[in-house]
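J.: Those protein sequences? They're chains A and B, same order as listed.
Heads up, the final residue of the first sequence is numbered 765 in the working numbering, and it's a clean run with no missing numbers.
Heads up, the final residue of the second sequence is numbered 625 in the working numbering, and it's a clean run with no missing numbers.
No lab work stands behind these hints, which were simulated from the structure alone.
Bear in mind the structure is a predicted one, so any value in this text is a computation, not a measurement.
Possibly wrong hints are sitting among the right ones.
As the list claims (entries may be wrong) - The following residues of chain B were derived to be distant from chain A, with all beta-carbon distances above 12 Å: (1) C92; (2) E146; (3) V149; (4) R180; (5) F192; (6) K272; (7) Q298; (8) K309; (9) P362; (10) D388; (11) G443.
What the hints assert, rightly or not - Computed footprint of chain A on chain B, listed as stretches where at least three residues anywhere in the stretch have a Cβ under 8 Å from a Cβ of chain A: (12) 116-130; (13) 220-229; (14) 338-347; (15) 391-399.
For glycine and all other residues, C-beta sits at the position ideal for the given N, C-alpha and C.
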Amino acid sequence: MPAQDIIEKLKDSGLTGRGGAGFQIWKKWQAVIDAESSQKYVIANGAEGEPGVFKDDYVLDKKAKELITGIKIAMETINASEAYIYLNQEFFKKYQKPLLKLIGKDKIHLFEKPEGYIAGEETTLLNAIEGKRLIPRLRPPYPTTCGLYGSPTLINNLETFYQVALIAEDKYFGERLYSIGGDAPKPGVFELSEKIIIKEILEKSKNLPAFDFFVQIGGGASGEVLNSTQLEKPLSGTGSIIIYNLKKTDLKKLLNYWIEFFAKESCGQCVPCREGTYRLRELFQQNKQDWSKIGDLLFVLEQTSFCALGGSVPTPILSFYKNIKEASDI
Amino acid sequence: MKIIIDKKEYLAEEGQTVLDVCRKNGIEIPALCYHPDLGVKANCRMCLVEIVGQKKLQTSCSTKVFEGMEVITNSVNIRRARKINLELIVSSHIEKCATCIWDQNCSLQKLAREYGVFINRFSDRKKDRPTEFFGPAIEFDQSKCIDCGLCVEMCQKQQCNVFEVKGKGSETTVTAERVKDCSYCGQCVVHCPVGALQGKGEWQEVEKALNDKNKILIAQCAPSIRASIGEEFNLPYGQVVTGQMVAALKKLGFDKVFDINLGADFTSFEEAKELKERLEAKKLPMFTSCCPAWVRFVEVFYPEFIPNLTTANSPQMCSGPIIKTYYADKIGKKPSDIVTVSIMPCTSKKYEAKRDEFKFDDGTPYIDHVITTREFAYLLRRKGIELCDLAPEEPDNPLGKYSGAGAIYGASGGVMESALRTAVEWISGKKPESLEFTKVRGQEGIKRAEVLVGDKTLKVAVANGLGNAKLILEELKKNPKTYDYVEIMACPGGCIGGGGQPVPVSPEIRKKRADSLYNIDKEMKIRTCHENPSLIRVYDEMLDKKPELIEKLLHTSYLKKKTTKE
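Take these sequences, add in the hints, and give me the full structure.
T.: Below, the structure written as C-alpha cells:
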C-alpha cells in the first residue's frame with residue numbers, strides 16, 4: 436500500500452499511541468517519513484514495565500501475526516530497512532521462538548530489554564540497543580528525526596502495531612486493549628471501545644466489584660487512583676485498570692510500594708528524581724509525615740523532572756490522598 | 060528573531076538556547092551542570108524558567124528559542140523549584156568548606172546564600188563515599204560529587220575515558236574505573252562545578268616549608284600564571300599581574316622568586332637544537348614534550364611514538380635543576396639545601412615533579428612541590444594577602460630574566476613558535492622575516508601550517524586537547540610524513556586553559572588569557588630564547604664548560620606505561 440494511503444487511513448482512524456502518551460499516530464509516522472535519511476528504523480516497544488499492565492503479553496500471545504504485519508507496514512511506509520521488537524526478559528523467553536518463526540527472513544530483530552523500568556522509556560530504549568547507559572535522552576531531537584544510531588526512528592507500542600494491521604485491513608473499530616487486574620473478579624485483557632467510560636469497561640468485562648473498592652488506572656505505579664464514584668470518564672493513558680479491595684488492601688503498604696518502586700527505578704540522571712525519590716522513601720519511613728518536605732519534593736518532581744518517570748511520581752500519591760484518604764488513617 | 064524575556068525584548072538567533080540568550084544579555088540564571096565546553100546535560104534542573112504557554116517549568120540550557128517566545132526567569136514557582144533542587148544537590152555534597160580550596164569561590168556556596176538554602180534540610184547522604192587519588196596529581200572526593208557527569212564527558216573528549224557512571228537512582232556513582240589511563244591533565248577538575256575533583260593538595264606542604272628556616276625557598280611561576288591569577292581576586296579575565304604575582308610570593312615568605320619563563324627559554328633553546336639535528340638526520344616528525352599530560356598520553360596509549368618526543372626537558376624541569384646546580388653553586392649551597400616550588404596552571408605538573416627522571420643522583424628532586432594557580436590563590440587568601448593591593452616587584456637575579464619567546468609558552472602554538480624563532484635563524488643562517496608565526500596561534504583545536512626554514516618547507520601541526528592530539532597521531536600512523544614538527548598541549552587552548560587554572564573557564568576566557576601572553580611578548584625587547592642574557596650566562600659559566608651537564612640536566616627519556624587493559 437502506498438505510504439500516503441496508510442497515513443490517510445491512520446488519520447481517518449484517529450489512532451493514538453497505545454504506550455500511554457496518547458500521541459496521534461499518523462503525525463509520528465509522517466515525521467519519520469519527512470526526516471531525510473538513507474537509514475531508518477522501526478521499533479516495537481514491548482517493554483511493558485509498568486506493574487499490573489499485561490496487554491502486550493496478550494498481543495504477543497494472541498495477536499503476534501497482526502503485530503508482525505503492523506511492523507512490516509510501518510517499515511514499508513517509512514522506508515525502514517530494519518526493525519526491532521524490544522521485549523522484556525519474560526516476553527523474550529516466552530515468545531522468542533514463535534516470533535522468529537513468524538518473522539522468517541524479514542529484517543526484524545528481537546532485542547531483549549535490560550532490567551529496569553526506565554529501560555522501557557523510548558529514548559532509554561535507544562540507549563539500551565546501542566549499549567549505552569540506561570538514561571533518557573534529551574528531547575529535542577526526537578527519535579522521529581534522530582533516534583537509533585542517530586537515524587530517524589519510529590517507536591510505537593506493540594499494541595499500536597496490532598491496531599495498524601487492523602486499520603490496513605479496515606477491521607479497526609475504535610477499540611483498544613484493556614488489561615484489568617488486581618482484585619478484579621474476572622482479570623484479563625479485553626478489547627473494547629476506547630470511548631466508553633471506566634464504569635462501563637468494568638461492567639462489560641464483568642469486573643464491576645460487589646465489594647468496596649478503588650482503582651488505579653494507567654498503570655500500577657504511575658497511574659492515577661480513583662474511588663468508585665469517579666468512574667464516569669473514559670480511560671486515558673495506558674489501557675490498564677487495577678482494582679483494589681478497599682477492606683483487604685493494606686493502604687500504607689501500597690503507598691510505600693509506589694514510593695519504593697520509584698526510588699528503585701529512578702535512573703539517577705536528574706536531581707529531582709534521583710534525590711527526590713530517595714528522600715520521599717526516607718520521609719515515608721518515618722512515623723510522622725513531614726508534609727512541608729513531601730510537598731516540596733512532589734512539586735519539583737512534577738515540575739522539573741527530566742522525564743515522565745519523575746514527573747509521574749506525584750500522580751498516585753496525590754490522587755491517593757485526594758480520592759481515598761477518608762478511607763484510611765494514613 | 061525577537062524573543063521576550065521578563066517583559067523585555069531581546070534579539071536571538073536560531074539554534075540558541077534560552078540560557079545562551081540570557082547569559083549574553085547579563086540575565087543571571089544558575090546552572091551547575093552546564094559548561095560551554097561540553098554538551099547540554101540538563102540534569103541539575105537549576106536553570107529553570109517559565110515559557111509562556113507551557114505547563115511545566117523548563118530548563119533554559121536545553122530549550123531552544125523560537126520567534127515570539129516569551130520567557131520568565133523569576134517567579135515564585137521558579138525560585139521555589141530552584142531552591143528545593145538546590146537543597147537536594149547540597150544534600151548529596153558534603154560541605155568540607157573549611158579545608159576546601161574553593162571556599163569563598165564556590166558556586167554551590169554562592170547559590171546556597173542567594174537562595175537562602177538551609178544546607179542541612181536533608182541529611183548528607185554521601186558521607187561514607189571514598190576519596191580516590193589519580194597518581195600524585197588529582198584527588199576525587201566522591202562525597203562531594205553531585206553526579207552531573209561533566210567530568211565523564213570531558214575525559215571522553217580527552218580520549219582517556221577514566222570515568223564511568225555506575226549504578227542507578229541514589230546509588231549512582233561516578234567512579235574512576237580506569238585510573239591507569241589518566242593523563243593527569245586535570246580537565247575534569249576545571250569542569251567540576253563543586254570541587255569534588257581537585258588537584259592533589261600540596262599547599263599544606265608548601266605552607267610547612269615556608270616555616271622552615273633551614274632551607275632556601277625558591278618560587279617560580281609558569282608563563283601562564285600571570286595572566287590568570289588575577290581572576291582569583293576578581294580582576295578581569297586575562298589581566299596580567301606579573302609584578303604583583305612576584306610581590307605576593309615574596310610576601311608569602313619565599314626567599315627568592317625566579318621565573319619559569321627562563322626555563323621555557325632553555326627548553327626552546329634545546330628543542331631548536333634538536334629540531335636542527337633531526338632535520339639533518341631526517342628523524343622526523345619531532346613532537347614537543349613540555350606538556351606532561353601529553354607525554355603520559357603517548358607513553359600510555361601510543362608508545363610507538365616515544366622516539367618522536369623531543370628529549371628537551373619541560374620549562375620547570377630546565378629551571379629546576381639549573382636553580383639547584385648553577386644557582387646553588389653561586390650561593391655556596393647543595394641542591395638539597397634548596398626547596399623549589401613551582402606555581403603551575405596544571406595538575407599533571409605535580410606528577411611530572413615526582414617522575415624519577417627528574418631527580419639528582421642522590422634522589423633530590425629538581426622540583427620539590429607543585430601548586431596550582433588555585434592553590435597559590437588559596438595560600439594568599441589564607442594569609443589575607445590581597446594581590447591587587449601589592450606594589451609590583453621584579454623577579455630575582457640571576458634567573459629572573461626571560462625573552463618574549465618564553466612568555467608565550469602558555470598559549471597553544473607558543474612552544475612551537477618559540478622554538479621556530481631560534482631554529483629558523485640557526486638553520487637558515489638569518490633571522491626570520493617575522494618573529495610572529497601567526498598561523499600556529501589561536502584557539503582552534505588543530506592548526507596546520509607550512510613554515511619556510513631556509514630552503515626547506517616544514518610541515519607543522521599544533522593541537523590542543525588530547526582528543527585533537529589523537530587525531531594527529533592517527534594521521535601520522537597512516538602516513539608518518541604528514542608532519543615534520545608537532546606541538547601538542549593536553550588542555551584546550553594550552554596551559555592558559557590548564558587543569559590547574561582558575562574557574563570558570565570558557566573559550567572566551569581562554570582567548571583573553573592567550574591574548575595577554577602575546578601582548579607581553581610584543582612589548583619585550585628580547586624575543587628569542589638565544590638572546591636571553593640569563594640563559595647565555597648559564598651556558599657560558601656552566602653548561603658550555605661541562606657539556607655533559609646539558610644532557611644530564613636538560614634532557615630526559617620516556618618509558619612505555621601500562622594501560623588499564625594491560
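J.: Of all the hints given earlier, name the ones this structure violates by number, lowest first.
T.: 1, 2, 3, 4, 14, 15
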